[in-house]
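Start from chain W and add chain R with the ligands according to the hints.
Residues per chain, in single letters:
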Amino acid sequence: MALIEMIGVRKTYRTDGLELHAFSTDRLEIDRGEFVCIAGPSGSGKTTILNLIGAIDFPTAGSVTVAGRKTRGLSPADAAKMRRDHIGFIFQSYNLIPVLTAYENVEYVLLLKGLPAPERRRKVSEALASVGLKDMMQKLPKEMSGGQQQRVAVARAIVASPPIVLADEPTANLDSVTGRDLVGLLHRLNLEQGTTFVFSSHDPVIIEHADRVITLQDGRVANDRRC
Amino acid sequence: MKTFLLFSHIAFRNVRRNARRSLFTILAIAFGLFCLIIFQALKVGLHREMVISTVQLDAGTLQIHAAGYEVNLAALKQVPDPGKVISALRMLGETRFSRRVKTSGLILSGGKSASLLLSGVDPDAEPGVTFISGKVVKGWYVSRNSGILLGEELAKSFGVQPGDEVTLMSQDMAGLPVTGRFPVTGIYRTELAAFDRSHAFMSIGLLQEFLHADGVVTEIALRSDSRDETALADSLGRSLPGKDYQIRTWKEIAPDVIQLIGLNDATMQLLILIVFAIIAMGITNTMTMVVFERFRELGIISAIGTTPSGILTMVVMESFCLGAAASLLGSAAAVAACAYLGRYGIDLTTFTSANQYFANSHVLKAHLLAKDLIAANAVTLITAVIGGIYPAWKASRLKPVDAIAHI
Ligand SMILES: Nc1ncnc2c1ncn2[C@@H]1O[C@H](COP(=O)(O)OP(=O)(O)OP(=O)(O)O)[C@@H](O)[C@H]1O
Ligand SMILES: [Mg+2]
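As they're listed, the protein sequences go chains W and R. If you read the first sequence in the working numbering, its first letter stands for residue 1, the second for the next number, and so on. If you read the second sequence in the working numbering, its first letter stands for residue 1, the second for the next number, and so on.
Excised from the complex, chain R in its bound form:
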């Protein structure tokens, strides 16, 4: 222990001895670490944005449908006994859920028509699940028995304003065509124009009436930000036994998001591997130079009784000190940069305006997780030690007789 402290002490002083070279090495490692921490934090921020965009635009954390439900099938498939599902959700301690009726339809106005997805939502419960209510730019969000909420893009191309009327066509419960005129009561705008063009909302009561589907619910969406969705789906499945229901998590609803996150993670891991390989080579290079320069000094240290393992420790500790200094510097800079990027973010509108993963916002904000920061630093220190091992091993095998003869 005493000798370990002694060797560490010498190692530390040796780092300061060739201050400029040490500084360059430290800066290079710190820069690599800095970039990795920021990339990682931006990646986490990106993934959060993608998840928010998926969960809070429409999907929710979980959706409950009648067994055999298929997306985009016009025929209404009723959730059997929605009350039972709701009490099961309440039993699980969940409060943010919303009953919906979804169907496809046609909107007509002034000689133009477009197909769209009509959602009948519970005006009180839906804002707890999705963020559409917060994206209303004109008029108001759906309220009981009033009119229809259109996306800005659609309203613009139809030239309609709140107060104007549009015609809707769809199929009722029995599969018969229905037509109705509805006043436009609100206009919303998400960051995703494609969504806005094809999604319209009204109160669930109004849509049920239009579709002659009194009391019918086709979808129950649940939002739970803190619980693991798969575990939640499992417990819900246990409290709703039998073959009546189909429970799907957002990961099943939007597998593309999960795949993209997985792809990003894999790319990041490759990047991390490359950066740390470069760091390790840099350290090995510096320490090899150090050992070469101190050939005679190491010979004297060995001659006066330092064991090979002692010399190994001394050189590895020097390498570790370089890593530790870089770790402190790189982390401090990265934490500061992440704080800034977490607050102000990077505006990616030009790259993401038509991207489904950015329905909520185009500003990418960094999100630094403590575990990522700790892991990045741990890997830096381990890399520093690994990078020092080869030169240290060479140093430990120096023969003092050769070293002393070398003046």
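So here's chain W without its partners, still in its complex pose:
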């Protein structure tokens, strides 16, 4: 069984009586260890598909199964626990809790999971080291650059070693060099730790880094290629 399975999925939004098909697919699978980019123009459904996988949003029809669990019908609390235990998130910007330091932001997810202090210390240090921010630990988000903040978000996403990390346009607010570095970092983590990464982008330079590119067009998969 694939790590992520979408079968007969349809997601429609209803605004003022108008139905809008944001995303639909008959079948889409992503395996453990893949490094996948969701590409496509604005409004093509990239955010929608990531939200469906991340149990942040739920399909109107069909089923999304992540790590063997269906997301549909989960209570808000169960969905939160599922996200906590199986998924790391990196958003486009303002990812971090402003009142917590880099260290505390990364530690947050481990505290949610109730890990003991020594283990937390070790894991947080490792995660921050792997994104190259060991000496930024005591800085607050506002004291860091956009690229540094995104790297803290990466550290937070991987610290609990979830099987999947989702990143919706993680480089959109970064300059091209920093953006490329960030994707390079994600790729390295994918190779080193075997974590499955699914990220979205419409920047060709970024898309190039992916092992598999799923291109969306008007809420449907237009192309799915492995490189």
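FYI, nobody ran anything at the bench for these hints, they're computed from the structure. Hints may contain errors.
[As the list claims (entries may be wrong)] To spell it out: a stretch of chain W is covered by chain R in this simulated footprint if at least three of its residues, at any positions, have a beta carbon under 8 Å from a beta carbon of chain R; those stretches are:
1. 25–39
2. 52–61
3. 75–82
Every residue gets a Cβ at the ideal spot worked out from N, C-alpha and C, and that includes glycine.
Relative to the frame of chain W, chain R with the ligands by itself:
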């Protein structure tokens, strides 16, 4: 527990994050608390003053009379076997009591006359019950077989001084009129002119002699500051069985005081309710603003796995932190103010000079009780939590998908 600490920690930092808004909210709550603590302390001080004024002016804590005694009835109604009452009081461990003879009479001097209440008191025991002995402004307090102690107001309108003589008229034991001349030996002054005009004192022996009532006692007054008067009256009633005696507490003697205290308490409770309702609304308002502003942040917090109950806790804790800071600040200021008002008080002479509840003093002093301080703080904290619940509940129901889309 770990997550509770985590959420509290974030809540605490969030309070400091928007320091100015938090400060205003805290100041508003602290001010409300400050006012309530002071009002409460002044109210307690006021009630104490009212009780002192009642108990220590004349009533005592308890009074024992013959059964069927009625206030202001001229005919002397003798307490049967006063020795028995006194030994019963001693058995109960009470020492501050005084035997009295009270009757109404007429004072005449230089063509003027006035009716007054004549009290024959035990010069040694009475100062343990009432404060009149401490209010003598000229001459001395009653002493054995000397003259009469008049109130300053009365002495002034009669134009008499210690050393002058006045004529008294009353009825003796048999109901026959008696007249006598007595030297004025002292003048007292309480803070209540109306009392001073109508109350005169002399030694019990002298009055008994004047009324041909050897050994007669019409009233025994007891003062007990520490014991509950009703319980005391009950135990005394048990040790004096039969229908010979009538025992009344000061609360029965002066029901107006108790009613006024009750009225004050009820008004205060209403005030407390209003203040805390305003505090709760202020907190709800602030926290609603906070939740609205942090829409996206809360969405991220939820997306990375915080449960709705976790978010609820985080927001309620923030509200609690505001309440706790206000509690500390308001209490500290109120304790300081109460210490000052407890020492120096507020002079209320212009409002209370003719008021029977201020016979001892017109200075209202704050009296802060530990239980009032604790209760005010507890209610503040509870209000802070209640005020935070609605916004926190709203925050916990945020859908992360909406929040994240909102940049
Ligand atoms: N909450 C919503 N309510 C109504 N329509 C929505 C909602 N969210 C998304 N849509 C619509 O669904 C479609 C897909 O949106 P989505 O955000 O997934 O696109 P996207 O590929 O992420 O675009 P972008 O590159 O601009 O981020 C769009 O037409 C969008 O307008
Ligand atoms: Mg998008």
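Structure-based check of all given hints:
{"no.": "1", "hint": "25–39", "verdict": "violated (count 0)"}
{"no.": "2", "hint": "52–61", "verdict": "holds (count 3)"}
{"no.": "3", "hint": "75–82", "verdict": "holds (count 4)"}
Violated hint: 1 only; the structure is consistent with all others.
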